[in-house]
Amino acid sequence: MLLVDRILKFEPMVHVSGYKNITYNEPVFTGHFPGNPVLPGVYMIEALAQLGGAMILEPGDFSRKTPYLAGIDKAKFRRPVIPGDRLDMEVRMLRHKRNIGWVSAQAEVDGQFACSAELMFSIASNTRMNSDSAVLHV
339 MLLVDRILKF EPMVHVSGYK NITYNEPVFT GHFPGNPVLP GVYMIEALAQ
389 LGGAMILEPG DFSRKTPYLA GIDKAKFRRP VIPGDRLDME VRMLRHKRNI
439 GWVSAQAEVD GQFACSAELM FSIASNTRMN SDSAVLHV
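Those letters in the sequence shown? Residues 339 to 476, per the working numbering, in order.
One or more of the hints may lead you astray.
To be verified - Estimated spans, in silico, between C-beta atoms of each pair:
1. Ser-460 <-> Phe-415: 20 to 28 Å
2. Ile-420 <-> Gly-398: 35 to 43 Å
3. Pro-378 <-> Phe-348: 39 to 47 Å
4. Phe-415 <-> Asn-359: 38 to 46 Å
5. Val-352 <-> Pro-378: 42 to 50 Å
6. Lys-412 <-> Glu-349: 18 to 26 Å
7. Pro-397 <-> Lys-435: 17 to 25 Å
8. Asn-374 <-> Met-351: 38 to 46 Å
9. Phe-400 <-> Met-339: 25 to 33 Å
10. Val-380 <-> Ile-345: 18 to 26 Å
11. Ile-345 <-> Arg-436: 19 to 27 Å
12. Gly-398 <-> Pro-421: 33 to 41 Å
13. Ala-413 <-> Pro-372: 33 to 41 Å
14. Asp-343 <-> Asn-464: 42 to 50 Å
Bear in mind the hints are in silico, worked out from the structure with no lab data behind them. Virtual Cβ for every residue (Gly too), placed ideally from N, Cα, C.
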């Protein structure tokens, strides 16, 4: 499930911004909540992680490596996100060491803070994951 509609600015290993248009067609709204659709916070975190995952790889690594979300810290949710909203997202690199990266991520709707978190990624070689898919070495 892709939760990023468009990447607006992209500087590998530094910064990325993009957005997701939230529509009534999202399957999650069937049950969250009937008659009062609200985007779950985990979907906002996943959207930020997808955007951050694109930024955290070095140019040329996209076919050889995969970033996996390995941790979430300092998550905050301040505004409900509902159908018709555009979730504007920004992710910045905090630090990177070998196969681990940490980013700062935040999302807004109409300039109002919606959520933020610090995310940790483990970057795995695709050949390693194909040979031992049950183990993620961090």
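So, going through the hints one by one against the coordinates:
1. Ser-460 <-> Phe-415: 20 to 28 Å: Since the Cβ atoms of Ser-460 and Phe-415 sit about 24 Å apart, the hinted range of 20 to 28 Å holds.
2. Ile-420 <-> Gly-398: 35 to 43 Å: 39 Å, holds
3. Pro-378 <-> Phe-348: 39 to 47 Å: Taking Cβ atoms as reference, Pro-378 and Phe-348 lie about 27 Å apart, which means the hint is violated.
4. Phe-415 <-> Asn-359: 38 to 46 Å: 19 Å, violated
5. Val-352 <-> Pro-378: 42 to 50 Å: 29 Å, violated
6. Lys-412 <-> Glu-349: 18 to 26 Å: 23 Å, holds
7. Pro-397 <-> Lys-435: 17 to 25 Å: 19 Å, holds
8. Asn-374 <-> Met-351: 38 to 46 Å: 40 Å, holds
9. Phe-400 <-> Met-339: 25 to 33 Å: With Cβ atoms ~19 Å apart, the hint is violated.
10. Val-380 <-> Ile-345: 18 to 26 Å: Holds - the Cβ-Cβ distance for Val-380 and Ile-345, about 21 Å, lies within 18 to 26 Å.
11. Ile-345 <-> Arg-436: 19 to 27 Å: 26 Å, holds
12. Gly-398 <-> Pro-421: 33 to 41 Å: At 38 Å between Cβs, range holds.
13. Ala-413 <-> Pro-372: 33 to 41 Å: 26 Å, violated
14. Asp-343 <-> Asn-464: 42 to 50 Å: The hint (42 to 50 Å, Cβ to Cβ) is violated, given that Asp-343 and Asn-464 are roughly 26 Å apart.
In summary, the numbered hints that this structure violates are 3, 4, 5, 9, 13, 14.
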